[in-house]
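Colleague: Chains as they are written, first to last, in the working numbering: chain A, 31 to 272; chain B, 31 to 272; chain C, 31 to 272.
These aren't lab readings, by the way, just hints derived from the structure by calculation. Some hints could be false.
As the list claims (entries may be wrong) - Calculated lysine-lysine pairs in the DSBU-like style (CA-CA distance at most 35 Å, straight line): (1) A/Lys136 x A/Lys166; (2) B/Lys166 x C/Lys136; (3) A/Lys166 x B/Lys166.
As the list claims (entries may be wrong) - Computed Cβ-Cβ distance ranges for the label pairs, DEER-style: (4) B/Ala212 x C/Arg54: 42 to 50 Å; (5) B/Gly114 x A/Gly100: 48 to 56 Å; (6) C/Pro169 x B/Pro186: 26 to 34 Å; (7) A/Gly100 x C/Glu86: 22 to 30 Å.
Unchecked claim - So the derived list for chain A, only partly shown, Cβ under 8 Å to chain B, looks like this: (8) Leu33; (9) Leu40; (10) Val59; (11) Pro60; (12) Phe62; (13) Asp67; (14) His71; (15) Phe87; (16) Pro88; (17) Arg182; (18) Trp185; (19) Gly209; (20) Asp211; (21) Thr215; (22) Arg227; (23) Val232.
Since the structure is predicted, the reported quantities are computational estimates derived from the model, not experimental observations. Glycine included, every Cβ here is placed at the ideal spot set by N, Cα and C.
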Amino acid sequence: MILLFTDFGLDGPYVGQMQAVLQREAPGVPVFNLFADAPAHEPRLAAYLLAAYAPEFPAGSVFMAVVDPGVGGDRAAAVVEADGRWYVGPENGLFAILARRARVAKWWQIEVGEEAVSASFHGRDVFAPVAARLAKGVPPPGAERAVEALLRPEWPDDLDRVVYIDRFGNAMTGLRAAGLDADATLAVGEQRLPRARTFAEVPPGTAFWYENANGLAEIAVNRGRADWSLGLATGDSIGVLR
Amino acid sequence: MILLFTDFGLDGPYVGQMQAVLQREAPGVPVFNLFADAPAHEPRLAAYLLAAYAPEFPAGSVFMAVVDPGVGGDRAAAVVEADGRWYVGPENGLFAILARRARVAKWWQIEVGEEAVSASFHGRDVFAPVAARLAKGVPPPGAERAVEALLRPEWPDDLDRVVYIDRFGNAMTGLRAAGLDADATLAVGEQRLPRARTFAEVPPGTAFWYENANGLAEIAVNRGRADWSLGLATGDSIGVLR
Amino acid sequence: MILLFTDFGLDGPYVGQMQAVLQREAPGVPVFNLFADAPAHEPRLAAYLLAAYAPEFPAGSVFMAVVDPGVGGDRAAAVVEADGRWYVGPENGLFAILARRARVAKWWQIEVGEEAVSASFHGRDVFAPVAARLAKGVPPPGAERAVEALLRPEWPDDLDRVVYIDRFGNAMTGLRAAGLDADATLAVGEQRLPRARTFAEVPPGTAFWYENANGLAEIAVNRGRADWSLGLATGDSIGVLR
Numbered sequence: 031m032i033l034l035f036t037d038f039g040l041d042g043p044y045v046g047q048m049q050a051v052l053q054r055e056a057p058g059v060p061v062f063n064l065f066a067d068a069p070a071h072e073p074r075l076a077a078y079l080l081a082a083y084a085p086e087f088p089a090g091s092v093f094m095a096v097v098d099p100g101v102g103g104d105r106a107a108a109v110v111e112a113d114g115r116w117y118v119g120p121e122n123g124l125f126a127i128l129a130r131r132a133r134v135a136k137w138w139q140i141e142v143g144e145e146a147v148s149a150s151f152h153g154r155d156v157f158a159p160v161a162a163r164l165a166k167g168v169p170p171p172g173a174e175r176a177v178e179a180l181l182r183p184e185w186p187d188d189l190d191r192v193v194y195i196d197r198f199g200n201a202m203t204g205l206r207a208a209g210l211d212a213d214a215t216l217a218v219g220e221q222r223l224p225r226a227r228t229f230a231e232v233p234p235g236t237a238f239w240y241e242n243a244n245g246l247a248e249i250a251v252n253r254g255r256a257d258w259s260l261g262l263a264t265g266d267s268i269g270v271l272r
Numbered sequence: 031m032i033l034l035f036t037d038f039g040l041d042g043p044y045v046g047q048m049q050a051v052l053q054r055e056a057p058g059v060p061v062f063n064l065f066a067d068a069p070a071h072e073p074r075l076a077a078y079l080l081a082a083y084a085p086e087f088p089a090g091s092v093f094m095a096v097v098d099p100g101v102g103g104d105r106a107a108a109v110v111e112a113d114g115r116w117y118v119g120p121e122n123g124l125f126a127i128l129a130r131r132a133r134v135a136k137w138w139q140i141e142v143g144e145e146a147v148s149a150s151f152h153g154r155d156v157f158a159p160v161a162a163r164l165a166k167g168v169p170p171p172g173a174e175r176a177v178e179a180l181l182r183p184e185w186p187d188d189l190d191r192v193v194y195i196d197r198f199g200n201a202m203t204g205l206r207a208a209g210l211d212a213d214a215t216l217a218v219g220e221q222r223l224p225r226a227r228t229f230a231e232v233p234p235g236t237a238f239w240y241e242n243a244n245g246l247a248e249i250a251v252n253r254g255r256a257d258w259s260l261g262l263a264t265g266d267s268i269g270v271l272r
Numbered sequence: 031m032i033l034l035f036t037d038f039g040l041d042g043p044y045v046g047q048m049q050a051v052l053q054r055e056a057p058g059v060p061v062f063n064l065f066a067d068a069p070a071h072e073p074r075l076a077a078y079l080l081a082a083y084a085p086e087f088p089a090g091s092v093f094m095a096v097v098d099p100g101v102g103g104d105r106a107a108a109v110v111e112a113d114g115r116w117y118v119g120p121e122n123g124l125f126a127i128l129a130r131r132a133r134v135a136k137w138w139q140i141e142v143g144e145e146a147v148s149a150s151f152h153g154r155d156v157f158a159p160v161a162a163r164l165a166k167g168v169p170p171p172g173a174e175r176a177v178e179a180l181l182r183p184e185w186p187d188d189l190d191r192v193v194y195i196d197r198f199g200n201a202m203t204g205l206r207a208a209g210l211d212a213d214a215t216l217a218v219g220e221q222r223l224p225r226a227r228t229f230a231e232v233p234p235g236t237a238f239w240y241e242n243a244n245g246l247a248e249i250a251v252n253r254g255r256a257d258w259s260l261g262l263a264t265g266d267s268i269g270v271l272r
């Protein structure tokens, strides 16, 4: 299957145009949106989100990931194979965290031709055709490179920032809960947030954090909105008190 | 086919994660979103909405329905078969109205294990695998129970409240139009709303109600927004004058 | 494949209900949303948008297009074949521009029966069954008419208005870039917008226009929102200075 991970939004033509290309190039391969609202123009935040959500998908899955402030500039495109899953998208760090956490990772660099493609919609014109071929089992195009150069050593293993806010106002962080103490407290400004196992464990209106269904530390308010209550936005820093 | 009826929203990863599980467990079965924006955390309102929209689908359809303020608490899961269609979701009244209106309805109760699943995403971890098996024709898991205990006798047959507001500001009520007099008037506060057959029958700017394409009494304003004009929100009471 | 082009929004049941009808009537034919947020109630604006986005799809594609302020009124339904692609929807000008630009176009008029269908949801009850049959290769129903009467000669070949604003605040116009001078300047009120090839060519915060990936002149601000910066809304006039 092919999973779309983009900041394009579901509105407008972009997702449908990519789905049509994928259908034409890889008929019958199911295509799903994983995120269409990944952090806009923020590949670093998106890298931690993608790394948390990709591992639940089976080996052979192809992720077409586009969070790309530099479209029209001269950055290259990347294909990554990590623990049996494939990733294609811009070479801007989006795959750094998942590649770093993988047992095995390989990287191919694809030069983006100037002529054959639109200047502004590499999702449809560059990445979708590559994703379709990977889904059909065709080996990656481009030149294989040493994966170390992809890994962004200057980025931390876990990111103490909000990487996504969902429809209910819950704020996912780039911190894996498994790396935090069982009784770790998170801090948003002056406010201290205790850990709970689930919403039902805290009184209505109480802010807390918990391990979400994909292993991230997520900040929530039982029957409320954490984003409004705590003034949180994507990219905000979170404190970790042990 | 499998129909998703949730309050998860289309944004974020939740719908895509469930689709991927359904695809893996029941390859080739089509999956569609019926509502991804059912009344959030309001199973009673959602019960009247689902009961109005499910009957147009063919026998054998499987509805995976999740409107669930109690996730992480200790409520059980339910499978319902009603007039040949299958429903799986939390046991919180969501299926009460459709089961009550069905000629034949059966109910199975599923205990939710503590270990194997995430505490917060029962849609992916509990309901989707069950829905996939039902779609493949596997009999429901769990213990069959007497359906009477599912039917919420304290809830009315029709609900005089707004159960959904759509993109155009039209407000669906929980009232079936067939149960209202041909010249029934609805009331929102002091305002009286006459019945019309369709938008084109009333002057622009006029508020009215009509039988929508699924049989519900729906409040609308021709070339306007009923929600803004009348100050309507999901859950608001509607008066019925005959 | 079947492409949906509507102003229904992705929220609510409408798209899912249409997908289910299409699946039932044409099993296995892929269905994608091209636009679910076409200009609401504005078939003239939508006509220029659809004409720009349809040609990238292969011959045999079926577009089910519904932008229809007159539902419930007495307008007819139309099937158009233009350059090998099929279109079905209301007869209100929505197909005028694409038919006018096609090398070959034919038009069939379908009377909408009063009884068999809902008064308000012709997408599900009228257009989807027709689209499904076209996708299966069944000839169009209805009477073939002389296509000239469909072409709205009073509408211009290119429209100097905003026809769509996307998630990022970019404003698509109804002007094809290929018809503008290489150094044409667009005007929004007093503001002059130069042409650029892509976002990366102008400094952050600068408003410009460029040829988008479907050939339309699109107004944008590098790392900003053109709609907010320039006060643009769908339907607004754009000046063309050569």
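Colleague: Is the shortest C-beta separation between A/Arg227 and chain B less than 8 Å?
Modeller: 6 Å, holds
Colleague: Evaluate the given range 42 to 50 Å for the C-beta pair formed by B/Ala212 and C/Arg54.
Modeller: 32 Å, violated
Colleague: Are A/Lys166 and B/Lys166 close enough, with their CA atoms no more than 35 Å apart?
Modeller: 26 Å, holds
Colleague: For the hint on A/Val232, does the least C-beta distance to chain B fall short of 8 Å?
Modeller: 10 Å, violated
Colleague: For the hint on A/Phe87, does the least C-beta distance to chain B fall short of 8 Å?
Modeller: At about 6 Å, which falls below the 8 Å cut-off, the nearest Cβ of chain B leaves the hint on A/Phe87 intact, so it holds.
Colleague: Would you settle whether the hint for A/Asp211 is holds or violated, based on the nearest Cβ-Cβ distance to chain B being less than 8 Å?
Modeller: With a minimum Cβ separation of about 19 Å from chain B (threshold 8 Å), the hint on A/Asp211 is violated.
Colleague: Is the interface hint satisfied for A/Trp185? The criterion is a beta-carbon contact with chain B at less than 8 Å.
Modeller: A/Trp185 check fails; min Cβ-Cβ to chain B is 22 Å, beyond 8 Å.
Colleague: Tell me if the interface restraint on A/Arg182 is satisfied: Cβ within less than 8 Å of some Cβ in chain B.
Modeller: 23 Å, violated
Colleague: Let me know if the C-beta of A/Thr215 comes in closer than 8 Å to any C-beta of chain B, holds or violated.
Modeller: 19 Å, violated
Colleague: Min Cβ distance, A/Pro88 to chain B: is it shorter than 8 Å?
Modeller: 7 Å, holds
Colleague: Please test the hint of 22 to 30 Å on the beta carbon pair from A/Gly100 and C/Glu86.
Modeller: Check passed, 24 Å falls within 22 to 30 Å.
Colleague: Restraint: A/Asp67 near chain B, CB-CB cut 8 Å. Satisfied or not?
Modeller: 5 Å, holds
Hint compliance for this structure: hints 2, 4, 6, 10, 14, 17, 18, 19, 20, 21 and 23 are not met, and every other hint is.
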